[in-house]
Amino acid sequence: MFVLDTGCRWRDLPEQLGCGSGHTAWRRLREWQDAGVWDRLHQLVLDELSNIDELDWTRGCIDAVSVRSKRGAS
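At position 43 of the sequence shown (counting the first as 1) the number is 43 in full-length UniProt numbering, and the numbers step up by one without a gap.
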């Protein structure tokens, strides 16, 4: 979150954060992504919000896909 919030490079992570090197932090996040951790966490949050009736799908977007446009397309 620190990298996203500050825009710093992985290699510039402050040691005080306890993440190890920037490369280690990046590699760990990549491993979690490959293992599906973020998708499962997202589903758990959605399930929990649904269980306590806190989901408002009137502002939701489901299965949105981004497709690169062809050059010169308007």
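Read the hints as simulated data drawn from the structure, not as lab findings.
Predicted model only: the values in this text are computed from it and were never measured.
Hints may be right or wrong, so weigh each one.
To be verified - Derived CB-CB ranges, DEER-like: (1) 28 - 7: 16 to 22 Å; (2) 1 - 49: 17 to 23 Å; (3) 49 - 15: 17 to 23 Å; (4) 6 - 31: 34 to 40 Å; (5) 69 - 1: 28 to 34 Å; (6) 7 - 33: 32 to 38 Å; (7) 71 - 18: 43 to 49 Å; (8) 10 - 51: 17 to 23 Å; (9) 8 - 37: 19 to 25 Å.
Glycine is no exception: its CB is placed at the ideal position from the N, C-alpha and C atoms.
Given a hint of 19 to 25 Å, does the C-beta separation of residue 8 and residue 37 actually sit inside it? holds (23 Å)
Please check whether residue 10 and residue 51 have a Cβ separation lying inside 17 to 23 Å. At 36 Å between Cβs, range violated.
Go ahead and decide if the range 17 to 23 Å is satisfied by the Cβ distance of residue 1 to residue 49. With Cβ atoms ~20 Å apart, the hint holds.
Does the hinted range 34 to 40 Å hold for residue 6 and residue 31 at CB? violated (23 Å)
Using the C-beta atoms of residue 49 and residue 15, is the stated range 17 to 23 Å upheld? Distance hint for residue 49, residue 15 is violated at roughly 36 Å.
Note whether the CB distance of residue 71 and residue 18 lies within 43 to 49 Å or breaks it. holds (46 Å)
Confirm or reject the claim that residue 28 and residue 7 have a C-beta distance inside 16 to 22 Å. holds (20 Å)
Could one say that the CB atoms of residue 7 and residue 33 fall in the range 32 to 38 Å? violated (20 Å)
Taking the beta carbons of residue 69 and residue 1, is their distance inside 28 to 34 Å? holds (31 Å)
Hint compliance for this structure: hints 3, 4, 6, 8 are not met, and every other hint is.
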